[in-house]
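Between the sequences and the hints, there should be enough to build the whole structure, so can you do that?
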Amino acid sequence: MTDILDLPLRDARVQVSPREYVDACLAAIRARDKAVCAFLTIADDPAEGTIPIALKDNIVTTDMPTTCASRILPKFRSPFDATVAARLRARGGSIVGKTNLDEFAMGSSTEHSAVGPTRNPWDTTRVPGGSSGGSAAAVAARMVPAALGSETGGSVRQPAALCGVVGVKPTYGRVSRWGLVAFASGLDQIGIVTKTVRESAEILGIIAGHDPYDSTSSTEPVDDYFADLEAGVRGLRFGIVREAVEKLEGEVRENFDAAVAVLKQIGAIVEEVSIPTLSYAIAIYYIVANAEASANLSRFDGIRYGHRSSRAKKLDDVYFESRGEGFGAEVKRRIMLGTFALSSGYYDAYYGRAQRVRAKMRHDFEQAFQRFDFLITPTTPESAFEIGAKTGDPLSMYLNDIFTAPANLIGIPAIAVPSGFDRRDLPLSLQIMAPHFGERAMFRAAAAFERETNYWKRRPPIK
Amino acid sequence: MKIDRDEARRIAGLAHLEFEDAALDRLADEMTKILSYIDQLREVDTTGFEEAAGAIPTPMRADEPRPSLDRDAVAANAPSWDDGGFFIVPKVIE
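Heads up: the sequence lines are chains H and Z, in that order.
Heads up: the first sequence runs through residues 1 to 463, numbered per this note's numbering.
Heads up: the second sequence runs through residues 1001 to 1094, numbered per this note's numbering.
Bear in mind the hints are in silico, worked out from the structure with no lab data behind them.
Keep in mind that a hint or two might mislead.
[Unchecked claim] Okay, derived cross-link-like pairs now, DSBU-like style, lysine-lysine, Cα gap no bigger than 35 Å in a straight line:
#1 H:390 - H:360
#2 H:360 - H:264
#3 H:247 - H:264
#4 H:360 - Z:1033
#5 Z:1033 - H:390
#6 Z:1091 - H:75
#7 H:463 - H:390
#8 H:34 - H:463
#9 H:457 - H:34
#10 H:314 - H:75
#11 H:360 - H:247
#12 Z:1002 - H:390
#13 H:314 - Z:1091
#14 H:247 - H:390
#15 H:360 - Z:1002
#16 H:463 - H:75
#17 H:247 - Z:1002
#18 H:75 - H:313
#19 H:247 - Z:1033
#20 H:457 - H:247
#21 H:313 - Z:1091
#22 H:264 - H:457
#23 H:390 - H:457
#24 Z:1002 - Z:1033
#25 Z:1002 - H:314
#26 H:75 - H:390
#27 H:75 - H:34
#28 H:34 - H:390
[Said to hold, decoys possible] Counterexamples of contact, computed for chain Z against chain H with all Cβ distances above 10 Å:
#29 1004
#30 1022
#31 1063
#32 1065
#33 1082
#34 1083
#35 1085
[Claimed, not checked] Computed beta-carbon distance windows for the label pairs:
#36 Z:1058 - H:266: 36 to 46 Å
#37 H:298 - Z:1058: 14 to 24 Å
#38 H:276 - Z:1094: 51 to 61 Å
Even glycine gets a Cβ: it sits at the ideal position worked out from N, Cα and C.
Below, the structure written as structure tokens:
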């Protein structure tokens, strides 16, 4: 018998009732999540729904706790639903659980979760990527057809790549962030994980659009993301970002070259283009993102919600000791870096300079998009690494986001699409970036590649 | 940029974070390494480029009253709460 969860949304919902669909997810979570550890909370009695979905546990809902995988939020219960949750519930969405993440979405492996790591469904000794590792692993292991994550530097696309599923980062401002726990407000965007491109297009159509509760959400009209899914890419222009691929070797390079060959074979025009500032993306990112994070995370003060140290005798102790006990090592490291970059005497040398290089990078991308409809790179420089391999070396962990961080710094949409497997049977992924609000064209390109390759049909060896 | 223990302690003070000395030393080392990587930004000529402002304009909304959060739901999350409607903190003024 076919597992209903092997099917895309629109095929599954003609075969089972909304009640059966949600129950199938709950059964799959019970059976498979012991090995994967993707979920932090499973909903008690989720409503029936035509879109069973999991939310990363930094997106608030009233019916489940929100922990951000942090000890500083041991039992926080939001008084309101995030706008994305409310919109999904209004359109057939049923939230079946909340997924694991690197604490406060800070990480690329989901190992920086206070609860423990999520495991990659393709090889449970390896990381699923991060920070939305729980969401990516849950979809890859066929526990839910769709999940939401959040992106600040690649936190949806990178785990989607490492887990062999589709990951979407919409344009900055395309999706309301009301109810997303803020990390870096100039970069954060809610993203989508599904098995196929069409399913992501469906979810984006539901969650996109202006929200009066998030003044940074765009008033740009929401496009019809299904309209061009079958249109193909004949004559469309794809730019290979030279700086991303010129130093790549081995299987990731071979796989990328094969993906380029597929695009050419279906009629795309593919040429190289230079983005000279690309290699600075991580340096810019870790100043800008951490500076913003150091300000955003000052709200966790032990006063209004979250952990308060039982040792605290004076008001200052409440801050220092509650935060000292509540935050994990990586979160503290980033708050420290960000605080340093904004501190008197260093602001211009670090934050100011990073913002100027970011402006130059934006200019490089604008130039490239004058010649090309899309820019492409591998989504990640390597396939899933082993648990523990990078936790002792923060910088090597950060560099996993080298190809994904630019889209966040520029604010453009980007998608990760499965592009095959390496010799260890670990997934590899193609990243397609489009200009601001170019999601419709981005889905068109990704769907054409997917139709030709069909890697999504292969499922990981989780029983 | 070299971060030593004293500089790490100064930053921790600004960030309201408590650390033990051993943790501060480790952190100072890690920050030094990360900042030396970030120092590659110095080699970029940014003449003509200003600090990037937001690429997308922020729409304004009418300044009209709207309901606030439910007080009981807020109180339920507070580490210490007075039913008169206050968060309780240690005495600030002696």
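Exercise. Hint by hint, which ones does the structure fall short of?
Worked result: Per hint list: zero violations.
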